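Chains as they are written, first to last, in the working numbering: chain A, -11 to 134; chain B, -11 to 134; chain C, -11 to 134; chain D, -11 to 134.
It is worth saying that the hints were derived from the structure and are not from the lab.
Every value quoted in this text rests on a predicted model; they were computed, and no experiment measured them.
Be aware that a few hints might be false.
Stated by the list, open to error - Listed below are the simulated EDC-like cross-link pairs for lysine to aspartate or glutamate, each with C-alpha atoms no more than 20 Å apart in a straight line:
hint	chain 1	residue 1	chain 2	residue 2
1	C	K23	D	E87
2	B	K59	B	E87
3	B	K70	A	E87
To be verified - A short list of chain A residues far from chain B (calculated; beta carbon distances all over 12 Å):
hint	residue
4	L6
5	Q9
6	G60
7	G98
8	V106
Here a beta-carbon is modelled for each residue, glycine too, at the ideal position from N, C-alpha and C.
Number of protein chains: 4
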Amino acid sequence: MSESFTVSGLVATTPRHLVTQEGLPITSFRLASSKRRYDRSKKTWVDGETNWFTITSFRQLAINSASSVSKGDRILVCGKLKVRDWDNGERSGTSVEIEAESLGHDLVWGTTEFNRTVLVREDPEDDDSDASEVEAESQLVGAKSS
Amino acid sequence: MSESFTVSGLVATTPRHLVTQEGLPITSFRLASSKRRYDRSKKTWVDGETNWFTITSFRQLAINSASSVSKGDRILVCGKLKVRDWDNGERSGTSVEIEAESLGHDLVWGTTEFNRTVLVREDPEDDDSDASEVEAESQLVGAKSS
Amino acid sequence: MSESFTVSGLVATTPRHLVTQEGLPITSFRLASSKRRYDRSKKTWVDGETNWFTITSFRQLAINSASSVSKGDRILVCGKLKVRDWDNGERSGTSVEIEAESLGHDLVWGTTEFNRTVLVREDPEDDDSDASEVEAESQLVGAKSS
Amino acid sequence: MSESFTVSGLVATTPRHLVTQEGLPITSFRLASSKRRYDRSKKTWVDGETNWFTITSFRQLAINSASSVSKGDRILVCGKLKVRDWDNGERSGTSVEIEAESLGHDLVWGTTEFNRTVLVREDPEDDDSDASEVEAESQLVGAKSS
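Pulled out of the complex, with its shape left as it was, chain A reads as follows:
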């Protein structure tokens, strides 16, 4: 059972890019997604409530996102949903993340010029999930929470 999830929305923070000591590139930012619904009593479309997500990408997708995505952009993201409770000793909470498998600017909202740089995709489904990636993610979450 895959828990893939696709969402479109507004990039709400400047993307943060870092490379771990192990050499793994990571980019993350916050995404605000609202769904409009038709209010029949008012006979108009109104904004629904907003879902907030942390979007995280790794490897080549992280590198390309860092150079292409800015705060205020409208994007489309597909990835794995991760709901995680965290506790850093002082505070605790729940984070809702999407680990992006694919993402791009949403052409509903503008045009793009695409420069293809990758000819053969590196392994996107490297499910043996090297420890460095998990550690790197921890560093990032730690950084965010502190």
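Given the structure of chain A, go ahead and fit chains B, C and D onto it with the hints provided.
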């Protein structure tokens, strides 16, 4: 952009059923969902981390869920994902809910006897979202958080 | 990039169950799925056009589906979408299949009694896709087309 | 029950853009999507079979797609899946279309420069589905099949 989301998992709490003063039936429970991944270094499948969701249903789906679903059952749910920050004065947090559009027992894990009771479906996409439903949801969230 | 797809609909044919010479259980049936939409000129919900799918399941899910699902039932299915061109020498066409990962009766339409028979799930993501499964699928497709 | 579907893949034909007599912009192209899977006997990732879709967009998304998307690009699309049997008198078949709600270049494969041109989105969920749109789609399908 729809934010429909499908998840399979284990019903982790006894479903709570209530009918609001306005007559709206609501059923909710917690669902634990784990995705297995292949660990190549160990050459075996291992359980991934668990996503926890609150599953909420309304109207006929709430009535049928209340009489059919028990703690420990394996189910499949499709619905709208809702990430909400809440604050009840004393505490605050983030809830991750799925407002179910369809749900059922997952036949991967057992067999079912189906008794069809609904011949014509009531409006599943009643997007004018009568105030009573939103209020009822608030009551439920309030009840959970208090 | 997963191509998981979730659909709810009406079971339109009696499920066909077979076990291949290699011992692989397979169940398949046709599913009709219609989406209603709001027609503002008529101020009413109308049925949209119908999507037709062939739903195929393997192993334990096939066994449980064969004993639980009947023509006329309302179900929910999640699986991988497969669009395939076929040509059996005499005729050719396009088949649209969902290889089910999870499926169950949709409680929007009735109630179910669940008998859990599987305690530990067999590998649902056996991606080395033993040849027997592909061959079995070919047999099934061949049978359908002839 | 939404039948939203997300897919990433390779743009396989030069996008065709037209504006109907009623003034509705439409863009369509073919998309090839392959999913890789891990072949444990060969201990390597191999390309799975390819799903082929016709991607259709309307209004502003059609205009922006026509100026941004080229044959050979890697994109991500989210939209409604439509499986339709067609018969133009001489031939018949099954078309598998995705009516795009959002689409963009996939940053897994390159970088993009985004020029936002739309500040307030026009109604993306105009569910009264004016006849002109359906007619326009028929024209397009007719054109393709003839």
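Consistency of the hints with the structure:
| no. | hint | in the structure |
| --- | --- | --- |
| 1 | C:K23 / D:E87 | holds, 14 Å |
| 2 | B:K59 / B:E87 | holds, 18 Å |
| 3 | B:K70 / A:E87 | holds, 18 Å |
| 4 | L6 | holds, 22 Å |
| 5 | Q9 | holds, 20 Å |
| 6 | G60 | holds, 18 Å |
| 7 | G98 | holds, 16 Å |
| 8 | V106 | holds, 23 Å |
In terms of the numbered hints stated before, the structure departs from none.
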